Every structure is written in C-alpha cells, then in structure tokens.
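Work the whole structure out from these sequences, hints included.
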Amino acid sequence: ALETVRLTMSSSHPTAVAWVGALKTHVVDNANKRLEAMGSNYRIEWTEAFGGSLYDFNDTLEAVQDGLTDMGWVGSLWEPAKLPLQNVMFATPFVTSDVELSVDVLNEMNDSIPEMKAEWDRHNLVFLGATVSDTYHLFTKFPVNSLADLQGKKIVGAPALGPWLEGTGAIPVGGGLPTFYQQIQTGVADGSIIIPTGAFSLKLYEVAPHITLVDMGVTTIGGLAVNKERWESLPEDVKKVLAELGREYSSVHAKEVAARYAASLEKMKAAGAIISELPAEERQKWVDGLSNLASAWVVQTEAAGLPGKEVLVRFMAEARERGAKPLRQWDEGL
Amino acid sequence: MHAAEPTTTTRSSFADAVVGGSARLCAGISAAWIFALMAAICTDVVMRSFFNAPLMGVPEVVALSVPGIVFLAAGQAVRTGRFLRADFLYTPFLRRYPQAGAVLSLLYNAAGLVIFWKVTEGVWPRFATAWTTDEFFGAVGAFSAPVWPFMGAMLVGCALMTAQFAALLVVDARTVVAPGPTATAPEDAVHPPARGWVALAAFLVVVGVGVYALLYGDLSPTGIGFVAIGGMLLLVLGGLHIGTALLLLSFFGIWMVRGSPAIADRSLSLAALGSINSYSFGVIPLFILMGLLVDIANVGRDAFAVAANLLRRVRGGLGIATVFANAVFAAITGSSIASAAVFTRVATPQMISHGYSKRFAVGCVAGSSVLGMLIPPSLLLIVYGLIAEVSVGKLFTAAIIPGLLLAAVFSLMIFLMAHFTPGQIGRPRIADDVETITVAEFASKLLPIVLLVAAVLGGIYTGYFTPTESGAVGAAGALIIALARRSLDWQKFGRILVECAEISASILVLIVAANLYSRMLTLTGIPQAVSGYIVAAELGMFAFLAVYLLILIVLGMFLDSVSIMLVVLPLMLPVVSALGGDLIWFGIVTTIAVEIGLLTPPFGLAVYVVKGTLPKGTATLNEIFAGSLPFVGAMILVTIIVMAFPILSLALL
Ligand code: NA
Ligand code: NA
Numbered sequence: 001a002l003e004t005v006r007l008t009m010s011s012s013h014p015t016a017v018a019w020v021g022a023l024k025t026h027v028v029d030n031a032n033k034r035l036e037a038m039g040s041n042y043r044i045e046w047t048e049a050f051g052g053s054l055y056d057f058n059d060t061l062e063a064v065q066d067g068l069t070d071m072g073w074v075g076s077l078w079e080p081a082k083l084p085l086q087n088v089m090f091a092t093p094f095v096t097s098d099v100e101l102s103v104d105v106l107n108e109m110n111d112s113i114p115e116m117k118a119e120w121d122r123h124n125l126v127f128l129g130a131t132v133s134d135t136y137h138l139f140t141k142f143p144v145n146s147l148a149d150l151q152g153k154k155i156v157g158a159p160a161l162g163p164w165l166e167g168t169g170a171i172p173v174g175g176g177l178p179t180f181y182q183q184i185q186t187g188v189a190d191g192s193i194i195i196p197t198g199a200f201s202l203k204l205y206e207v208a209p210h211i212t213l214v215d216m217g218v219t220t221i222g223g224l225a226v227n228k229e230r231w232e233s234l235p236e237d238v239k240k241v242l243a244e245l246g247r248e249y250s251s252v253h254a255k256e257v258a259a260r261y262a263a264s265l266e267k268m269k270a271a272g273a274i275i276s277e278l279p280a281e282e283r284q285k286w287v288d289g290l291s292n293l294a295s296a297w298v299v300q301t302e303a304a305g306l307p308g309k310e311v312l313v314r315f316m317a318e319a320r321e322r323g324a325k326p327l328r329q330w331d332e333g334l
Numbered sequence: 335m336h337a338a339e340p341t342t343t344t345r346s347s348f349a350d351a352v353v354g355g356s357a358r359l360c361a362g363i364s365a366a367w368i369f370a371l372m373a374a375i376c377t378d379v380v381m382r383s384f385f386n387a388p389l390m391g392v393p394e395v396v397a398l399s400v401p402g403i404v405f406l407a408a409g410q411a412v413r414t415g416r417f418l419r420a421d422f423l424y425t426p427f428l429r430r431y432p433q434a435g436a437v438l439s440l441l442y443n444a445a446g447l448v449i450f451w452k453v454t455e456g457v458w459p460r461f462a463t464a465w466t467t468d469e470f471f472g473a474v475g476a477f478s479a480p481v482w483p484f485m486g487a488m489l490v491g492c493a494l495m496t497a498q499f500a501a502l503l504v505v506d507a508r509t510v511v512a513p514g515p516t517a518t519a520p521e522d523a524v525h526p527p528a529r530g531w532v533a534l535a536a537f538l539v540v541v542g543v544g545v546y547a548l549l550y551g552d553l554s555p556t557g558i559g560f561v562a563i564g565g566m567l568l569l570v571l572g573g574l575h576i577g578t579a580l581l582l583l584s585f586f587g588i589w590m591v592r593g594s595p596a597i598a599d600r601s602l603s604l605a606a607l608g609s610i611n612s613y614s615f616g617v618i619p620l621f622i623l624m625g626l627l628v629d630i631a632n633v634g635r636d637a638f639a640v641a642a643n644l645l646r647r648v649r650g651g652l653g654i655a656t657v658f659a660n661a662v663f664a665a666i667t668g669s670s671i672a673s674a675a676v677f678t679r680v681a682t683p684q685m686i687s688h689g690y691s692k693r694f695a696v697g698c699v700a701g702s703s704v705l706g707m708l709i710p711p712s713l714l715l716i717v718y719g720l721i722a723e724v725s726v727g728k729l730f731t732a733a734i735i736p737g738l739l740l741a742a743v744f745s746l747m748i749f750l751m752a753h754f755t756p757g758q759i760g761r762p763r764i765a766d767d768v769e770t771i772t773v774a775e776f777a778s779k780l781l782p783i784v785l786l787v788a789a790v791l792g793g794i795y796t797g798y799f800t801p802t803e804s805g806a807v808g809a810a811g812a813l814i815i816a817l818a819r820r821s822l823d824w825q826k827f828g829r830i831l832v833e834c835a836e837i838s839a840s841i842l843v844l845i846v847a848a849n850l851y852s853r854m855l856t857l858t859g860i861p862q863a864v865s866g867y868i869v870a871a872e873l874g875m876f877a878f879l880a881v882y883l884l885i886l887i888v889l890g891m892f893l894d895s896v897s898i899m900l901v902v903l904p905l906m907l908p909v910v911s912a913l914g915g916d917l918i919w920f921g922i923v924t925t926i927a928v929e930i931g932l933l934t935p936p937f938g939l940a941v942y943v944v945k946g947t948l949p950k951g952t953a954t955l956n957e958i959f960a961g962s963l964p965f966v967g968a969m970i971l972v973t974i975i976v977m978a979f980p981i982l983s984l985a986l987l
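First to last, the protein sequences are chains A and B.
Residue numbering for the first sequence follows this note's numbering, beginning at 1 and increasing consecutively.
Residue numbering for the second sequence follows this note's numbering, beginning at 335 and increasing consecutively.
These are calculated hints, taken from the structure and not from any lab test.
Quantities reported herein were computed from a predicted structural model and do not represent experimental measurements.
Idealized CB from N, CA, C, for every residue including glycine.
Some hints could be false.
Below, computed lysine-lysine pairings styled on DSSO-like, alpha-carbon distance capped at 30 Å [claimed, not checked]:
no., chain 1, residue 1, chain 2, residue 2
1, B, Lys826, B, Lys950
2, B, Lys728, A, Lys267
3, A, Lys309, A, Lys325
4, A, Lys117, A, Lys24
5, B, Lys728, A, Lys141
6, A, Lys154, B, Lys728
7, A, Lys82, A, Lys24
8, B, Lys728, A, Lys203
9, A, Lys203, A, Lys154
10, A, Lys309, A, Lys82
11, A, Lys240, A, Lys33
12, A, Lys255, A, Lys240
13, A, Lys269, B, Lys728
14, A, Lys239, A, Lys82
15, A, Lys269, A, Lys153
Listed below are several chain B residues computed to face chain A (Cβ distance under 10 Å; list not exhaustive) [to be verified]:
no., residue
16, Arg382
17, Ser594
18, Ile597
19, Leu607
20, Tyr613
Below you can see the structure in the form of structure tokens.
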C-alpha cells in the first residue's frame with residue numbers, strides 16, 4: 001500500500017519570482033512522478049505556502065530552522081552573520097555574469113568544503129541547491145556615459161551593495177526594495193543599482209529611464225534548504241528524490257533567471273527605457289577603483305574563525321576553470 | 335471602538351494601582367513616540383523638498399517603532415476596555431448573571447494571561463540577543479541605530495499586557511467568591527441565577543469538546559483548520575477578546591499541524607515581532623491622530639454649514655447636506671466613527687428643528703457616516719491593503735468613484751423619499767432660515783478642508799508622499815488648524831495623543847493576531863482546499879461574490895469591520911486570485927460590503943456611536959437602526975453595482 005508523507009514547501013516571495021517559481025514547477029510538481037518511477041511506496045502530500053503566507057523575507061532562515069515549514073528558500077543575502085561563507089559573491093563583483101556557472105560553483109563548494117556545509121548544519125538546515133539572481137546594472141534619471149557622470153549622485157540599493165559604489169563618486173543610499181521607486185521619484189535618490197528582473201517588476205524604468213549596462217556580475221543569494229530534524233525523519237526514497245530534485249532545481253531556476261533577465265530588458269526597452277552600455281574602459285575604471293572588498297571579507301570571516309581565504313581562492317579558481325573572465329583577480333595578493 | 339467596559343473596582347489593591355500606573359505611563363510614552371514619529375517624518379519631507387537633504391533612516395526607524403508603540407499602549411487598551419471583543423451577547427450575560435459572568439470573564443482573562451505570557455516569553459530572547467550582541471540596523475554608510483531599545487519597548491509592553499490580564503483576573507476571582515450587590519435594574523430581577531450557570535456550563539462543554547477534538551481527535555490538517563474556524567466563531571461570539579481568540583487558536587492549530595508545541599511557541603514571537611514591523615504600518619497611528627485632531631478642530635461642523643447653506647432651498651436638503659458634508663469630511667478622515675460622532679452633534683439638531691423626523695435624522699447621520707471609510711483616506715482600505723499586500727495608494731484611487739457613487743445614491747434616495755414618501759422623513763420645512771454665509775465666511779470655513787485634502791490626497795495621488803508620509807503631514811496640518819482655532823490646549827492634546835495610542839494598539843494587536851491566524855490556516859491547507867473546491871465546482875466569480883456578500887452581511891451583524899476583514903480575507907483572497915479577480919477591485923467591494931455591518935443590528939458600530947453621542951433620550955437604538963435601513967438597502971445596491979462593473983474601481987488606476 002502507498003504511504004503518504006506530508007511536507008510543507010514555503011517561500012517569502014511569490015511564485016512570479018524565478019527562484020520561487022521553480023520550487024513549485026520543478027520540485028513540488030515532479031516529486032511524486034519520480035517516486036512512482038523508482039517504484040517507491042511513498043507519496044508526498046504537499047502543502048504550499050508561497051508568497052510570504054507563512055513568513056516574510058526577514059525570517060526565511062528562522063522559519064525553516066524552527067520547523068514552521070519543512071523546507072523552503074533561504075535567503076543568505078539577508079543573513080551575513082549566520083551564513084557568511086555563502087555570500088562570497090557579494091565580495092567579488094565583476095567576476096562572472098553566468099548564472100549557471102555561479103550555482104554550479106556554489107553547489108560544488110558546498111559539497112566539498114566542510115565549513116560551508118557546517119553553516120547550514122549549525123542552523124538546523126540541510127542544503128539542497130544554490131539560487132542566484134541576475135547581474136546588476138544602473139537605473140538612473142540621467143544618462144551615464146562615464147564614471148564622471150555619477151559624481152555626487154545619490155544611488156539607492158540593497159545595503160550589501162553600498163561598497164560596490166566605492167570610488168565611483170556616487171553616494172550610496174540605503175532602502176528596502178519596495179521603496180526604491182518612490183525614493184527616486186521624490187528625489188531622495190537619483191538612481192538605483194539593481195538587477196533588471198527586479199527593476200522591471202518595480203517599474204523603476206518609469207522614474208529612472210536610463211539603463212546603463214554596467215554588468216557588475218551575478219550573485220548567489222541563498223538556496224533551497226530542509227529542516228534537519230524533518231530531513232532525518234524522512235524515508236530514504238523521499239530523501240533521494242528531494243536531493244536529486246533540489247540539485248536540479250538549482251540549474252533549472254538559473255536558466256529561468258537568464259531567460260527572464262533577457263525578457264525584462266526587452267520589455268523595458270519596448271516601454272521606452274533608454275538602454276546603453278558602459279564603455280569597457282569606464283567599466284575597468286570602476287573595478288579598479290573599488291577597494292579590496294575580497295581582502296576585507298577574508299579578514300572579517302577569518303576573524304570569526306572561518307576559512308575565508310580558502311573559500312575565496314577556491315571560488316575564483318573554480319570560476320576561472322569554468323570559463324569566467326574576471327575583470328579583477330580578487331584572489332591575488334591575499 | 336467598543337464602549338469602555340467598567341474594569342476598575344472599588345476594591346482595587348496596591349498591586350492593581352501599580353499595574354494601572356505603569357500601563358498609563360507606558361501609554362504616555364507610546365503617545366509621545368507617535369508624536370515624535372510624526373515630527374520626524376514631516377522634517378524628512380521638508381528637508382528633502384526644500385533643502386535636497388533627506389533625513390536618513392526615517393523609514394527604518396518608523397518600521398521598527400511600530401511594534402514598540404503598539405505593545406507599549408496595549409496594556410492600557412486592555413485596561414480601558416478598548417481591546418476589541420464582540421459584546422452583544424457577553425455584556426447582557428454579565429449584567430444578568432453577575433456571578434456566572436464573573437467566572438466567564440475570569441476564564442477569558444486567564445486565556446489572555448496565558449497567551450500574552452507566551453508572547454512575552456518569546457520576545458525575551460530576541461531582546462537579550464539584541465542587547466548582548468549590540469545588534470544594529472540601518473544602511474551602510476548612511477545611518478545605523480541599536481535594535482535593543484525597540485525590542486525593550488516590545489518586551490515591557492507585552493509584560494504589561496500580561497500583568498493587566500492578571501489584574502483583571504484577580505478582580506474576577508473576588509467577584510466569584512464574594513459577589514457585590516446584584517444587579518439593581520428591575521428587568522434583571524426576572525433572570526434567576528441558575529439559568530446563567532446552565533448557559534455557562536453548556537458553553538464550556540462545547541468549548542471542551544472542541545479542545546478535545548483538536549488535541550486527541552487525530553484530525554487531518556484540514557480537519558484542524560475547520561475546528562479552528564468553528565472555534566473562532568464560537569469564542570468570538572461568546573465574547574472572548576478577538577485578539578486572544580485568534581492567537582490561542584493559532585497556537586493550538588500550529589501545534590497540532592506541525593506536531594510540536596515548541597514550533598507553536600516560536601511562531602507566536604515570530605508573529606509579534608515580524609508582522610507589523612514595517613514602514614507601511616506606521617500609517618495607522620498617524621491617520622488616527624489626524625482624525626482625532628480634525629474632529630476637535632470643528633472642521634466637520636463647517637462642512638455641514640456650507641452644505642446646508644447651498645442646499646437650503648431643496649426639499650430634503652438638510653438630509654442631502656448631511657451626506658454631502660460627510661463626503662467632504664470623509665476626504666480628510668479615515669474613520670466612520672469620527673464622522674458619525676461629528677455629524678450627530680452638528681446635523682441632527684438642525685434636521686430635527688426643521689421638522690425632519692427623529693428616526694430619519696439619526697438614520698441619515700448613521701447611514702452617511704459610512705462614507706468616512708470608503709472615500710479615501712480610509713482605515714479599512716489601509717487594513718485591506720496590508721492584508722492583501724496591494725498598494726494602499728492604488729486602493730485610495732480606486733475608491734474615489736465608488737465613494738462618490740455611494741454619496742450620489744444616498745442623495746438621490748433622500749431626494750426621492752422627500753418627494754414620494756415624505757412620511758418617511760417627517761415634515762421638513764424649507765431650511766431657508768439656516769444662517770446665511772458670506773463669501774468670506776464660506777472661504778474661511780472651506781479653506782482648511784481644501785488645504786488638508788490637497789495635502790493628504792494630492793500627495794498620495796501624485797506619488798509625492800507615501801501613505802505613511804501623508805498621514806504625518808495630515809496630522810501636522812490638522813494640528814495647525816486646531817491650534818489656529820484655539821480648540822486645543824495641552825491637556826486636550828495629551829488626551830488625544832493617548833487615545834490615538836490606545837486605538838492604534840487595539841487595531842494593530844488584532845492585526846498581529848490575525849496575521850498568525852492566517853499563517854495557521856495556510857499550514858492546514860484550508861485556503862488551498864477551499865479555493866481548489868470553488869474552482870473545481872466551477873462556481874464562477876458571480877456565484878462566489880453572491881456567497882461572499884452574504885457572508886459579510888451576516889458577519890457584519892455581529893463583528894466590527896476590521897475584525898471581519900482579518901477573519902475572512904485570508905480564506906477569500908486565494909479564491910479571488912484563483913478566479914482571476916483583481917485584488918484592488920475586490921478590496922473596494924469588500925470595504926463597502928463590510929461597512930454594511932456598521933448599520934445592522936445587533937452590533938452596528940456607527941449606530942452605537944450615534945446613540946452614544948446623542949443627548950440622553952433623543953432616540954432609541956431601534957429608531958436609529960430603523961432610520962438606517964434605507965441606507966443599508968442603498969449600500970447593498972451599490973455593492974452589487976461595484977461588483978458587476980469592476981471598471982468603476984479600476985478606471986482611474
Ligand atoms: Na475617508
Ligand atoms: Na452590524
């Protein structure tokens with residue numbers, strides 16, 4: 001006879017977001033087919049709680065950790081204190097804009113570096129697969145042809161991106177995603193540093209129609225995780241299928257992110273946004289003007305007793321090996 | 335929102351005095367904090383508009399302040415009886431059967447004690463962490479501040495709320511042991527105490543069966559969800575504080591679904607700390623403050639004087655003037671309660687002295703007061719926006735046409751009644767003797783209203799202000815008007831601020847509770863199941879709306895507007911989305927339909943406010959309910975029109 005396993009899958013964001021959508025379309029929708037195909041007696045009865053119906057973005061880690069949900073997307077970008085090693089890409093801008101490459105590297109590192117796995121373990125989590133967002137560009141009220149155009153301008157972005165503006169002459173302004181539109185409209189900010197898929201859903205191009213493709217690189221932002229106690233209580237068949245689907249989810253959603261990235265630029269252009277590319281030499285000037293973010297990150301993580309240097313060196317090596325062409329070799333001279 | 339229930343006792347002890355004193359002190363701090371937020375937001379607006387130098391960190395501070403403000407004033411809200419409950423069954427029971435009533439009250443206060451103690455317990459570790467790790471918030475290079483004072487305010491507030499329930503419990507225990515002099519009203523003498531005990535026992539047996547089913551029934555998650563819904567209706571109608579009922583059922587529901595009381599514990603603190611700590615919730619205290627200030631500045635009286643003057647030669651003109659003045663006043667106040675109170679004082683005496691029947695005069699005031707919460711700004715639309723996660727600004731814009739439509743339908747109805755069924759409204763004389771107004775007076779009466787409307791709504795519609803900012807600017811504007819008219823002294827101002835803190839606390843604690851309740855329902859899978867069922871049954875949008883309207887009208891008879899939204903929306907929003915309905919349009923439909931409950935017996939808040947504001951003996955509750963009846967009909971009609979033509983809501987978006 002078939003046995004039923006009840007599982008709750010949740011997220012702080014709606015399924016319209018690529019990394020949530022694939023939780024539903026790839027993991028939830030395929031799990032029972034896989035179980036059936038492998039001849040298992042188990043079937044999963046899913047409860048879906050997407051779009052923040054159980055918790056909001058502040059609590060993605062706590063909700064899975066505490067068992068409020070069995071599994072869900074955990075945003076490492078909001079947990080620099082709890083998941084510092086997962087955030088290595090925020091310390092290494094301009095390395096790669098390849099989303100699939102990025103999740104592959106992070107998955108590989110989580111599998112092989114014990115301290116990265118331990119970060120999840122310490123918070124009662126089992127990591128299944130990394131998630132990523134698209135590359136960062138500038139959305140401004142004014143055209144940007146060179147770094148000089150940014151001098152003294154207020155640029156709003158996620159607080160973690162503040163250091164990415166260092167040396168450009170722009171003034172970083174903090175803010176929550178939903179407030180960007182109004183901050184620009186009312187002149188609190190003159191523009192934003194943001195991913196195009198996000199800018200599109202916020203309609204930022206209405207108030208900041210100049211899109212300058214700076215291409216600061218993609219960042220991994222967290223991953224799909226399962227509550228550890230719940231994981232250990234699951235039948236082997238179910239674990240096997242979830243582990244398999246979780247890892248596939250990582251690349252499936254990355255392809256989706258790439259597709260939506262291209263589509264949202266197209267749509268914004270059609271809606272009247274003016275898209276231009278930052279000249280290569282200006283882009284190089286931007287990178288060179290940044291302070292040594294990687295070295296600061298290594299100092300900070302090593303101070304907490306973590307192998308920051310090893311993680312960073314390994315990240316750069318893996319990225320280059322898979323074909324990334326970093327504009328700055330962050331692992332040099334550490 | 336309900337009339338204050340007497341909670342003080344002549345036998346108050348020293349401990350009670352300490353609890354009461356701390357509650358008042360903390361409510362005072364909360365009140366001052368609200369004023370400080372208003373000042374900070376206005377400063378930010380001015381600095382960024384005129385000096386291109388925004389005040390950094392204001393949104394972050396507002397976000398973290400809201401839970402602190404709310405829980406600091408919550409103890410006092412419990413003490414003064416503002417912590418919402420449906421008392422149409424509870425209060426008569428208490429009056430007729432003082433001793434059985436005291437047992438019931440004791441049980442309710444014990445429930446409040448337990449659940450808020452659990453919340454306090456959950457907040458403590460968060461405070462401790464923030465304190466020991468020097469946790470900071472803010473943005474890189476712009477602004478940062480320590481988290482612990484905010485957590486500390488929450489902790490103190492929750493602890494005080496718990497203490498307040500303990501104090502009430504002691505009072506109840508004394509009444510049970512040694513009941514005071516029994517009720518003296520002659521009609522109460524015919525109720526033998528035995529009946530009270532039987533009713534109480536029956537109620538407790540039903541509750542006990544429910545708890546047993548929940549704990550030992552080995553129910554499926556959906557089954558747990560249905561018990562939680564049934565239990566909520568039972569407990570709320572039985573008079574348990576709505577916030578307590580929602581938290582308690584959420585606690586048990588999450589425990590049962592997730593199989594662990596520890597998870598349920600953590601979900602309580604997660605909700606208390608995480609469901610109102612956002613910038614957009616700052617809008618609630620600010621709009622409440624603005625409403626209270628506008629009320630004391632006599633702005634409503636002026637609107638009526640102008641309208642009465644313009645319509646003095648029309649048959650039924652004073653009735654239409656009441657509607658008209660309500661519509662204008664509605665554009666600067668967010669609450670129908672304020673409208674009902676203001677126009678009872680202003681319009682009722684005028685109408686009665688001009689020959690309108692008492693029933694029509696009071697019904698007209700109660701009926702047209704609903705415009706206060708439909709024409710933006712509106713507390714109900716804000717609450718809907720926060721639950722449904724849609725833009726409050728868009729909701730405000732969408733409500734304009736339906737609001738004006740309702741005002742027009744009311745006016746037309748009065749006009750037709752005056753012509754075809756004059757008996758319904760009395761024998762009104764043409765009101766050409768109302769004080770005539772010179773152009774200068776006309777301007778001086780209307781100017782403040784026009785300026786406030788321009789600042790508050792203009793700011794939101796043009797996108798120059800967030801709703802939260804427009805609340806702050808509006809409150810500041812109302813304060814200036816009140817000061818300029820010398821209708822405010824320090825004492826009055828202090829009282830208004832504390833009242834604002836208490837009302838905000840009573841609403842926002844309820845939002846916290848409803849938030850957790852809807853999370854619990856999500857976990858049981860009921861919303862998914864219900865929307866799946868409705869979609870599968872191919873019930874279709876129209877049949878669904880018909881059922882929905884019916885549910886809201888029935889609930890409206892017993893519950894207040896905010897509670898209905900909090901209880902119903904978590905279940906209905908997924909269905910509307912599944913059926914392809916627009917959530918902005920649905921918000922307008924919901925708001926009008928929910929407001930019908932303001933006018934329907936046995937619990938019709940607008941009617942109660944009118945009754946409470948009238949001089950004693952002017953009109954009975956029955957007369958006011960009867961007088962409001964035509965307005966209820968008009969509202970149902972407008973709800974159906976707005977349902978059938980979404981374009982009315984969406985045209986301006
Ligand atoms: Na209003
Ligand atoms: Na009612």
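Inset, instruction - If any of the earlier hints don't hold here, list their numbers in rising order. - result: none
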